[in-house]
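*Asks:* Okay, here's what each chain looks like letter by letter:
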Amino acid sequence: MNTSDDLATRWVRSAARAAPATLRERLEEEWLADLAARPGWLARMRFGAGCHWATHAIAHDFGGAQLAAVAGGADHALAFHHPHGTSGPRRTVTLFVIVGLHAIALYALTRGIVITLRPEVPPITQVRFVDHHETSQPRLPGPLTGFTQVVVDQPPTPGGLKFSDDLRIPPPSYGELGGMGTDPAPVHRVNGGLGAGFPSAEDFYPPAAKRLGERGVTAVHVCVDPLGRLTSDPTIAGPSGSLRLDEGALKLARAGSGLYRPTTEGGQAVKSCYTFRVRFELQG
Amino acid sequence: MGKPDREVRISLQTLRVLEAFLDNPTDPLSGADVQKRSRLASGTLYPILLRLESAGWFSSRWESIDPSSAGRPRRRLYRLTSTGLSRASELFASFARGVPA
Numbered sequence: 029m030n031t032s033d034d035l036a037t038r039w040v041r042s043a044a045r046a047a048p049a050t051l052r053e054r055l056e057e058e059w060l061a062d063l064a065a066r067p068g069w070l071a072r073m074r075f076g077a078g079c080h081w082a083t084h085a086i087a088h089d090f091g092g093a094q095l096a097a098v099a100g101g102a103d104h105a106l107a108f109h110h111p112h113g114t115s116g117p118r119r120t121v122t123l124f125v126i127v128g129l130h131a132i133a134l135y136a137l138t139r140g141i142v143i144t145l146r147p148e149v150p151p152i153t154q155v156r157f158v159d160h161h162e163t164s165q166p167r168l169p170g171p172l173t174g175f176t177q178v179v180v181d182q183p184p185t186p187g188g189l190k191f192s193d194d195l196r197i198p199p200p201s202y203g204e205l206g207g208m209g210t211d212p213a214p215v216h217r218v219n220g221g222l223g224a225g226f227p228s229a230e231d232f233y234p235p236a237a238k239r240l241g242e243r244g245v246t247a248v249h250v251c252v253d254p255l256g257r258l259t260s261d262p263t264i265a266g267p268s269g270s271l272r273l274d275e276g277a278l279k280l281a282r283a284g285s286g287l288y289r290p291t292t293e294g295g296q297a298v299k300s301c302y303t304f305r306v307r308f309e310l311q312g
Numbered sequence: 144m145g146k147p148d149r150e151v152r153i154s155l156q157t158l159r160v161l162e163a164f165l166d167n168p169t170d171p172l173s174g175a176d177v178q179k180r181s182r183l184a185s186g187t188l189y190p191i192l193l194r195l196e197s198a199g200w201f202s203s204r205w206e207s208i209d210p211s212s213a214g215r216p217r218r219r220l221y222r223l224t225s226t227g228l229s230r231a232s233e234l235f236a237s238f239a240r241g242v243p244a
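Top line first, the protein sequences correspond to chains A and B.
My numbering applies: residue 29 is where the first sequence begins, and numbers increase by one.
My numbering applies: residue 144 is where the second sequence begins, and numbers increase by one.
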């Protein structure tokens with residue numbers, strides 16, 4: 029007897045033993061004999077499953093009934109009370125339960141396959157520079173939408189603005205100012221920024237920060253000579269809250285040395301310090 | 144002994160079981176034989192056999208063989224009783240006439 033036959037036999041036995049007590053022995057012997065007459069393991073397994081169905085129906089029909097027959101060898105006719113006459117409702121409920129379980133399993137399987145097959149699209153990153161006017165109060169990060177270009181230049185040139193009005197601009201030498209007590213002449217000043225060919229900021233978005241979904245704005249302070257080169261190591265003027273993003277911004281600022289656009293005064297490039305902001309954000 | 148005939152629930156499956164016996168009404172059939180003829184699942188067949196037996200339409204007995212010499216277990220054999228034969232014949236005749244029994 030192979031494994032499937034053994035399983036079917038156990039199934040039939042367990043079904044028969046769940047039947048009303050006076051029918052157990054008879055049904056077990058009868059069903060095992062009929063099981064032996066069925067060809068093929070699949071037919072036997074179906075037979076075993078059917079016996080369980082039969083047990084439920086028989087228990088429903090004859091449960092609590094006065095079973096006059098015994099399951100012995102005598103040719104008895106069964107005599108019992110038939111309370112309801114049908115096992116339909118229980119079968120229907122069981123059928124619905126089985127169908128429901130199959131539906132849930134199918135849904136879960138389908139969803140699992142869809143999730144497995146759906147390619148994981150890496151988030152699109154966008155890094156942008158934000159213009160920074162040299163104000164005494166650091167600007168709060170704006171909304172994370174709509175940026176597509178680098179803007180770090182051309183703050184409005186104040187008409188008649190004296191250098192002494194802006195404390196963050198390095199004061200010119202006294203020689204340039206002329207004699208003591210002499211008002212300096214108005215000078216047209218254009219703040220510096222990022223020149224053409226400045227490295228792509230997106231290349232400096234730290235991969236770890238991407239994976240972690242970190243985003244933010246880092247303000248970087250740089251000092252640039254007339255040739256657009258850094259004169260000192262850039263520093264963080266406004267941290268983003270992520271050390272990874274801040275470090276990426278510093279690397280970007282260093283890589284851009286020589287590509288900064290210097291501040292001009294009266295058309296003349298001068299040394300200056302200014303701050304620009306780098307916005308790291310994820311799209312998608 | 145059995146319950147009144149009117150309490151026997153006549154379903155399509157019950158008719159198929161009766162039809163399997165009416166081919167040769169005197170022949171005893173095992174559950175496996177009825178299943179081959181009626182093509183009903185075991186979960187449907189055996190409750191019907193027991194119901195009809197309890198109603199007095201069938202009688203049953205064990206097959207008269209020696210399992211050890213036959214090499215297989217003995218089967219439970221069912222056959223129509225005179226009551227069952229009469230009622231089944233009436234039933235099918237009424238269906239033939241188009242009148243419910």
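Everything labelled a hint here was simulated from the structure, so no lab data went into it.
Any given hint might turn out to be false.
Cβ-to-Cβ under 10 Å is the rule here; a few derived chain B residues that face chain A [said to hold, decoys possible]:
id	residue
1	D176
2	Q178
3	K179
4	L188
5	P190
6	S203
7	W205
8	E206
9	P210
10	S211
11	R215
12	R218
Short derived list, chain A residues pointing at chain B, Cβ under 10 Å [said to hold, decoys possible]:
id	residue
13	L51
14	W59
15	D62
16	A64
17	R66
18	G68
19	A77
20	G78
21	A85
22	L271
23	E275
24	K279
Per label pair, the in silico range of CB-to-CB distance [unchecked claim]:
id	chain 1	residue 1	chain 2	residue 2	range
25	A	L129	B	S211	43 to 49 Å
26	B	L165	A	A71	45 to 51 Å
27	A	A136	B	D166	44 to 50 Å
28	B	R182	A	I132	29 to 35 Å
29	A	L123	B	G214	36 to 42 Å
30	B	D166	A	T120	31 to 37 Å
31	B	E233	A	L137	49 to 55 Å
32	B	D209	A	G128	48 to 54 Å
33	A	V125	B	Q156	19 to 25 Å
34	A	P67	B	R240	51 to 57 Å
35	B	L165	A	T138	46 to 52 Å
36	A	Y135	B	S154	32 to 38 Å
37	A	L137	B	T169	49 to 55 Å
38	B	T226	A	Y135	51 to 57 Å
Using N, Cα and C, we set each Cβ at its ideal position, and we do this for glycine too.
*Asks:* Each hint should be assessed against the structure and marked as holding or not.
*Replies:* Verification of the supplied hints:
1. D176: 8 Å, holds
2. Q178: Holds: closest Cβ of chain A sits about 7 Å from Q178 (chain B), inside 10 Å.
3. K179: 9 Å, holds
4. L188: At about 7 Å, which falls below the 10 Å cut-off, the nearest Cβ of chain A leaves the hint on L188 (chain B) intact, so it holds.
5. P190: 4 Å, holds
6. S203: Result: holds, 7 Å to nearest chain A Cβ.
7. W205: Since chain A brings a Cβ to about 5 Å from W205 (chain B), closer than 10 Å, the hint holds.
8. E206: 8 Å, holds
9. P210: For P210 (chain B), the interface hint holds, since the closest Cβ of chain A sits about 9 Å away, which is under 10 Å.
10. S211: This interface hint is violated because 14 Å lies over the 10 Å limit.
11. R215: Result: holds, 6 Å to nearest chain A Cβ.
12. R218: 4 Å, holds
13. L51: At about 8 Å, which falls below the 10 Å cut-off, the nearest Cβ of chain B leaves the hint on L51 (chain A) intact, so it holds.
14. W59: At 8 Å from the nearest chain B Cβ, W59 (chain A) passes the 10 Å test, so the hint holds.
15. D62: Hint holds; D62 (chain A) Cβ to chain B Cβ min 4 Å, cut 10 Å.
16. A64: 6 Å, holds
17. R66: 7 Å, holds
18. G68: 13 Å, violated
19. A77: 7 Å, holds
20. G78: 3 Å, holds
21. A85: 4 Å, holds
22. L271: Check failed: Cβ of L271 (chain A) comes no nearer than 69 Å to chain B, outside 10 Å.
23. E275: 71 Å, violated
24. K279: With a closest approach of 74 Å, the K279 (chain A) hint is violated.
25. A:L129 with B:S211: 43 to 49 Å: For S211 (chain B) against L129 (chain A), whose Cβ atoms are near 44 Å apart, the range 43 to 49 Å holds.
26. B:L165 with A:A71: 45 to 51 Å: 26 Å, violated
27. A:A136 with B:D166: 44 to 50 Å: Since the Cβ atoms of A136 (chain A) and D166 (chain B) sit about 49 Å apart, the hinted range of 44 to 50 Å holds.
28. B:R182 with A:I132: 29 to 35 Å: 32 Å, holds
29. A:L123 with B:G214: 36 to 42 Å: 39 Å, holds
30. B:D166 with A:T120: 31 to 37 Å: 32 Å, holds
31. B:E233 with A:L137: 49 to 55 Å: 53 Å Cβ-Cβ, so the 49 to 55 Å window holds.
32. B:D209 with A:G128: 48 to 54 Å: 49 Å, holds
33. A:V125 with B:Q156: 19 to 25 Å: 22 Å, holds
34. A:P67 with B:R240: 51 to 57 Å: Violated: the Cβ-Cβ distance is about 40 Å, outside 51 to 57 Å.
35. B:L165 with A:T138: 46 to 52 Å: 49 Å, holds
36. A:Y135 with B:S154: 32 to 38 Å: With a Cβ separation near 34 Å, Y135 (chain A) and S154 (chain B) satisfy 32 to 38 Å, so the hint holds.
37. A:L137 with B:T169: 49 to 55 Å: 54 Å, holds
38. B:T226 with A:Y135: 51 to 57 Å: 52 Å, holds
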